[in-house]
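Trainee: Residues per chain, in single letters:
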Amino acid sequence: MSGLRYVYAVCRPFGAALQAQLTGVAGDPPRLLAHGDLVAVVSRVPEADFGEEALRAHLEDLDWLAGTARAHQQVIDALTAVTTPLPLRLATVFRDDSGVRTMMERREDAFRRTLDRLEGRVEWGVKVFVEAEPERPAAAEPAPRPVTGRDYLRRRREQSRAGEDLWTRAEGFATGLHSTLSSLADDARLHAPQNPRLSGAAGRNVLNAAYLVRRDASEEFVERVDRTKDDAPGIRVELTGPWAAYSFAGDAAGEEEAGAGS
Amino acid sequence: MTVVERREIALVDLLDRLLAGGVVIKGDVTLRIADVDLVRIDLNALISSVNSNVPSPFGD
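For the protein sequence lines, the chains are A and B, in the order given. Counting in numbering that gives the first Met the number 0, the first sequence runs from 0 upward without gaps. Counting in numbering that gives the first Met the number 0, the second sequence runs from 0 upward without gaps.
Watch out, some of these pointers could steer you wrong.
Stated by the list, open to error - With the Cβ distance kept under 7 angstroms, some of the chain B side facing chain A (calculated, not the full set):
no., residue
1, Gly20
2, Gly21
3, Val23
4, Ile24
What the hints assert, rightly or not - Estimated spans, in silico, between C-beta atoms of each pair:
no., chain 1, residue 1, chain 2, residue 2, range
5, B, Glu7, A, Arg154, 35 to 43 angstroms
6, A, Gly148, B, Glu7, 45 to 53 angstroms
7, A, Arg168, B, Lys25, 40 to 48 angstroms
8, B, Lys25, A, Leu152, 17 to 25 angstroms
9, B, Lys25, A, Arg154, 40 to 48 angstroms
10, B, Lys25, A, Ser182, 18 to 26 angstroms
11, A, Pro12, B, Glu7, 12 to 20 angstroms
12, B, Glu7, A, Arg112, 17 to 25 angstroms
13, B, Glu7, A, Pro195, 13 to 21 angstroms
14, A, Arg11, B, Glu7, 23 to 31 angstroms
No wet-lab data here; the hints were simulated from the structure. Owing to the predicted nature of the structure, the values given are computational and were not obtained by experimental measurement. Cβ coordinates follow ideal geometry from the N, Cα and C atoms, glycine included.
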């Protein structure tokens, strides 16, 4: 068995079979590596692409990164259909099976704790965008030139006031929505707002949040998001999910919780 | 559960989770992604998205 081991997730053992046609990040179908009462979901990857130097270079190639991320996500998605996986960070690669076992041995208590916390839960992503940009008149239809300096200043003032109003409203809306949704969720995380140049999304991202929600509470959660969508003109709400609990798998959170004596 | 029908996942949403979420393993791995300069990944992503067809956002 040559090649390195790419680990997608750690789970409790589950009865169902994974989809037969499922392929991993380098085409090798994922398999289960059992250790004690946990299983790691693993596939083989070539050293030429996943060794340290090659991986470092690949991760800066957006096409490679995108393909790998989507393949990783497919495996996690398939797992989410049959169990509650604890996803690992993208591109977690070990030398061999024994490296994977050693890692599981070392972290089994933390894995069990986290899996218990996530059990039966999924992640929903909610983003809020401010859509309008009142300060930028349509390029095709330039505003008539101000006749006087006073006109010009008045127009600038009105534009910036409209912008500030929308901004204030958006902030209030996002804060209210976040608090409502947090009350329906077991946990919440704020991601950095997305760069519109990166996301290609229209408008400015003012909230980029993730919520950990019980599966049986998800319908209500989604309905709540849907209902708020039309509440605020100029503001757009986007829902993604259900995701595996990527944003709630983190060590930092676990350690903080442990440190807080929970 | 009943899954809300979804469009293809946007790469940026995926990367929010795969590069910032998930368990980070220290130790015997070939490379920790936390060691990778994500700012440079962002920059590359930015360049390629600007190149593709989007007009330059730097006009103003």
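Trainee: I'd like to know which numbered hints this structure contradicts. Please list them from smallest to largest.
Mentor: Hints 8, 9, 10, 11, 12 not satisfied by this model.
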